[in-house]
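Q: Make the full structure from the sequences, and use the hints.
Chains G and W, in that order, give the protein sequences. Those letters in the first sequence? Residues 1 to 487, per our numbering, in order. Those letters in the second sequence? Residues 1001 to 1160, per our numbering, in order.
Treat each hint with caution, since some may be false.
Said to hold, decoys possible - Think about it this way: if two alpha-carbon atoms lie no more than 27 Å apart in a straight line, the pair counts; the simulated DSS-like pairs of lysine-lysine are:
| no. | chain 1 | residue 1 | chain 2 | residue 2 |
| --- | --- | --- | --- | --- |
| 1 | G | Lys81 | G | Lys405 |
| 2 | G | Lys17 | G | Lys400 |
| 3 | W | Lys1003 | G | Lys143 |
| 4 | G | Lys237 | G | Lys89 |
| 5 | W | Lys1104 | G | Lys143 |
| 6 | G | Lys211 | G | Lys175 |
| 7 | G | Lys283 | G | Lys253 |
| 8 | G | Lys201 | G | Lys244 |
| 9 | G | Lys284 | G | Lys211 |
| 10 | G | Lys89 | G | Lys400 |
| 11 | G | Lys142 | W | Lys1003 |
| 12 | G | Lys81 | G | Lys143 |
| 13 | G | Lys201 | G | Lys142 |
| 14 | G | Lys201 | G | Lys237 |
| 15 | W | Lys1003 | W | Lys1104 |
| 16 | G | Lys257 | G | Lys244 |
| 17 | G | Lys43 | W | Lys1130 |
| 18 | G | Lys404 | G | Lys81 |
| 19 | W | Lys1067 | G | Lys405 |
| 20 | G | Lys135 | W | Lys1003 |
| 21 | G | Lys211 | G | Lys324 |
| 22 | G | Lys135 | G | Lys81 |
| 23 | G | Lys17 | W | Lys1067 |
| 24 | W | Lys1104 | G | Lys400 |
| 25 | G | Lys184 | G | Lys142 |
| 26 | W | Lys1104 | G | Lys142 |
| 27 | G | Lys143 | G | Lys184 |
| 28 | G | Lys257 | G | Lys278 |
| 29 | G | Lys81 | G | Lys201 |
| 30 | G | Lys404 | W | Lys1130 |
Quick caveat, the hints were computed from the structure, so don't treat them as lab data. All values reported here derive from a predicted model rather than from experimental measurement.
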Amino acid sequence: MTKIMINPITRLEGHGKIAIFLDDDGEVSNAYLQIPELRGFEKFCEGRPAEDMPQIMQRICGVCPEAHHLAATKALDNLFKVEPTSTAKKLRELLYSAFFVTDHATHFYILAGPDFIMGPESPPAERNILGVIGKVGVEIGKKVIQTRQQNHWVIQTIGGRGIHPVFGLPGGVSKMLSEENRVKTEEIALQGVEFARFSLKIFEDLVLKNKEYLDMVLSDTYTHRTYYMGLVDENNKVNFYDGKVRVVDPNGKEFTKYSPSEYLDNLSERVEPWTYLKFPYLKKVGWNGFIDGETSGIYRATPLSRLNAADGMATPLAQEEYEKMYATLGGKPVHHTLATHWARLIELLFAAERMLELSRDPEITGPDIRNIPTETPVEGVGIVEAPRGTLTHHYITDEKGLIKKCNLIVGTTNNYAAMSLTIKKAAQGIIHKGTEITEGLLNRIELAWRAYDPCMGCATHTLPGELPIEISVYDADGTLIDSVKRF
Amino acid sequence: MDKTLVLGIGNSVLCDDGVGIRVAAEVGKRISDPAITIAEACQGGLFLLEAFLGYDHVVLIDAIQTKGGTPGQVYDLQPENFISALHLSSPHQVDFSTALELGKTLGLPMPSSIDIVAVEAGDVTTFREKFTPEVENAIPVAVEMVMRKCPAHTNYIRED
Chain G
1 MTKIMINPIT RLEGHGKIAI FLDDDGEVSN AYLQIPELRG FEKFCEGRPA EDMPQIMQRI
61 CGVCPEAHHL AATKALDNLF KVEPTSTAKK LRELLYSAFF VTDHATHFYI LAGPDFIMGP
121 ESPPAERNIL GVIGKVGVEI GKKVIQTRQQ NHWVIQTIGG RGIHPVFGLP GGVSKMLSEE
181 NRVKTEEIAL QGVEFARFSL KIFEDLVLKN KEYLDMVLSD TYTHRTYYMG LVDENNKVNF
241 YDGKVRVVDP NGKEFTKYSP SEYLDNLSER VEPWTYLKFP YLKKVGWNGF IDGETSGIYR
301 ATPLSRLNAA DGMATPLAQE EYEKMYATLG GKPVHHTLAT HWARLIELLF AAERMLELSR
361 DPEITGPDIR NIPTETPVEG VGIVEAPRGT LTHHYITDEK GLIKKCNLIV GTTNNYAAMS
421 LTIKKAAQGI IHKGTEITEG LLNRIELAWR AYDPCMGCAT HTLPGELPIE ISVYDADGTL
481 IDSVKRF
Chain W
1001 MDKTLVLGIG NSVLCDDGVG IRVAAEVGKR ISDPAITIAE ACQGGLFLLE AFLGYDHVVL
1061 IDAIQTKGGT PGQVYDLQPE NFISALHLSS PHQVDFSTAL ELGKTLGLPM PSSIDIVAVE
1121 AGDVTTFREK FTPEVENAIP VAVEMVMRKC PAHTNYIRED
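A: This is the structure we're talking about:
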């Protein structure tokens, strides 16, 4: 029998490319990050009923459909000028908190873990989840899978489906939560809180107590002073589901705070000739090139950015960890890109605590789950925090509610300019004249980019955290001298 | 009673990317058996691992792009066909292999057999709900191949 061996290429036409260019002295002169973009989605939506958007939009992305579903649902609330009921808001936030638990836990153990637990220059064959489990134990691996399964159950129970939830409607949700399922959700939330605390302990033991890693986190190579963006509640505390978008400057001072419908007053998009994807920036600061600092409109929207942009966490245990992080890293804001991993774990704890609060809320099983819209639709904007950054959906319809125009700014896109800065600076700090370019060394550049939890090509089936990326290094003549492919 | 999962994976609004979901749905129209679950997924990796748990047999249906492949070609594959790429960070197949390895390492209740029916895709970058003609024509072939993977249940095929 002939054995067929398949030689798969990436299922997407494109893949991420990092190109590093050296000068005559062998130093890094420039570095570019190219992200593939699946185009045509906005056009695809034109002419369709606005009510279909929560179902269609979440199919953009195989990794965070819940974020697109809720951003679209909130845009419909705004479009139809209808305020969801209190119970509906809480059910939406409960589902969304469960989603954050699964997503952030997966990122830490699958994506960040291999670099820190196995070491950034360990062989690629070991620098993966299997290597992590080999080192920290099978029980932790089982716990990760269990956490994901339990929270997927919550998403399925509240959202109506395991993938692609169907519960978001303008003015509310389609389904109540039963007392039996509330009790089970509460138990899962309790376990989630313990799992998050355990994960923070692992981070402390393996990263913070390891001088080499801590020095790497704090090094200038992985540091940028930028503006920071995140959704905050009425007390300026981190909120994933609702609130206003707050931006702080590189000194931590509030720069602007805006409602979703004001996003175009605050953001513009820069087009560069070498990439299809646009670079959002702060309109009131302006685009001044790929530089950081107060004069650059480049901002970041990441877990660390959300913590920097807020005055604290809305739950007690997460607040303790928040204070500990800033006390350890020298106060707010923290500019160290790799500290994003720490912030992500604090958000994991916040999400689990918020799940617990909501599952114990007397309103959560209430029957009042929807206000019926009665207004004629015109225009609506909805914003949530996706795990990877602030997610904006904007729809304009005709009087029948058919989409005339839609615009999206997705999580990773917010960070495109900052990721480009980060890659260039990491390359400049790591590659010098005479440096032998190894896979491990290129991984040290790549890991800076991975801290953003980038989600390229919003329709891949990629396991979160494992991204198709190619890193190439060119000499001053433009000749390729080394490359690493991860696909 | 052995439990079988027929799982279509893909994006149903991204042209040929969604062919696995369509084939699974077509199979679902032909089979009515409590021992067979028809499902769809939009992610690979750990999600697939979790979806597989508790099933004895899995038939995974997906789009694939191979070097020099002809759109519409239907492949009958096993997980071993992808093992050579284990530990690299491919967005699709390798994650699948790593996920299976992870399931075994953790001692999870993994299926005893996994079949993969893959359809060579022509276009996986255009948002549209129709397949390319080559892939549309390949759907009956893929459906038949999936049906043959469930031989114990062919008695339940409905006459359309």
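Q: Against this structure, judge whether each hint is valid.
A: So, going through the hints one by one against the coordinates:
1. G:Lys81 / G:Lys405: holds, 18 Å
2. G:Lys17 / G:Lys400: Given that 27 Å is the threshold and the Cα spacing comes to 43 Å, the pair is violated.
3. W:Lys1003 / G:Lys143: Holds: Lys1003 of chain W and Lys143 of chain G sit about 25 Å apart, inside 27 Å.
4. G:Lys237 / G:Lys89: holds, 17 Å
5. W:Lys1104 / G:Lys143: Roughly 15 Å separates the two Cα atoms, so the pair holds.
6. G:Lys211 / G:Lys175: Violated, at about 51 Å.
7. G:Lys283 / G:Lys253: Roughly 17 Å between the alpha carbons, so the hint for Lys283 of chain G and Lys253 of chain G holds.
8. G:Lys201 / G:Lys244: violated, 32 Å
9. G:Lys284 / G:Lys211: Cα-Cα ~40 Å, so violated.
10. G:Lys89 / G:Lys400: holds, 26 Å
11. G:Lys142 / W:Lys1003: Within the cut-off at roughly 23 Å; holds.
12. G:Lys81 / G:Lys143: Not OK: Lys81 of chain G and Lys143 of chain G at ~43 Å, beyond 27 Å, violated.
13. G:Lys201 / G:Lys142: Holds - the C-alpha atoms of Lys142 of chain G and Lys201 of chain G are around 17 Å apart, at most 27 Å.
14. G:Lys201 / G:Lys237: Measuring from Cα to Cα gives roughly 24 Å; hence the hint holds.
15. W:Lys1003 / W:Lys1104: holds, 19 Å
16. G:Lys257 / G:Lys244: Roughly 6 Å separates the two Cα atoms, so the pair holds.
17. G:Lys43 / W:Lys1130: holds, 15 Å
18. G:Lys404 / G:Lys81: holds, 18 Å
19. W:Lys1067 / G:Lys405: violated, 38 Å
20. G:Lys135 / W:Lys1003: violated, 34 Å
21. G:Lys211 / G:Lys324: holds, 18 Å
22. G:Lys135 / G:Lys81: violated, 53 Å
23. G:Lys17 / W:Lys1067: It holds: about 20 Å lies between the C-alpha atoms, which stays within 27 Å.
24. W:Lys1104 / G:Lys400: violated, 54 Å
25. G:Lys184 / G:Lys142: With Cα atoms ~20 Å apart, Lys184 of chain G and Lys142 of chain G stay inside 27 Å; holds.
26. W:Lys1104 / G:Lys142: holds, 11 Å
27. G:Lys143 / G:Lys184: holds, 18 Å
28. G:Lys257 / G:Lys278: holds, 23 Å
29. G:Lys81 / G:Lys201: violated, 45 Å
30. G:Lys404 / W:Lys1130: It holds: about 22 Å lies between the C-alpha atoms, which stays within 27 Å.
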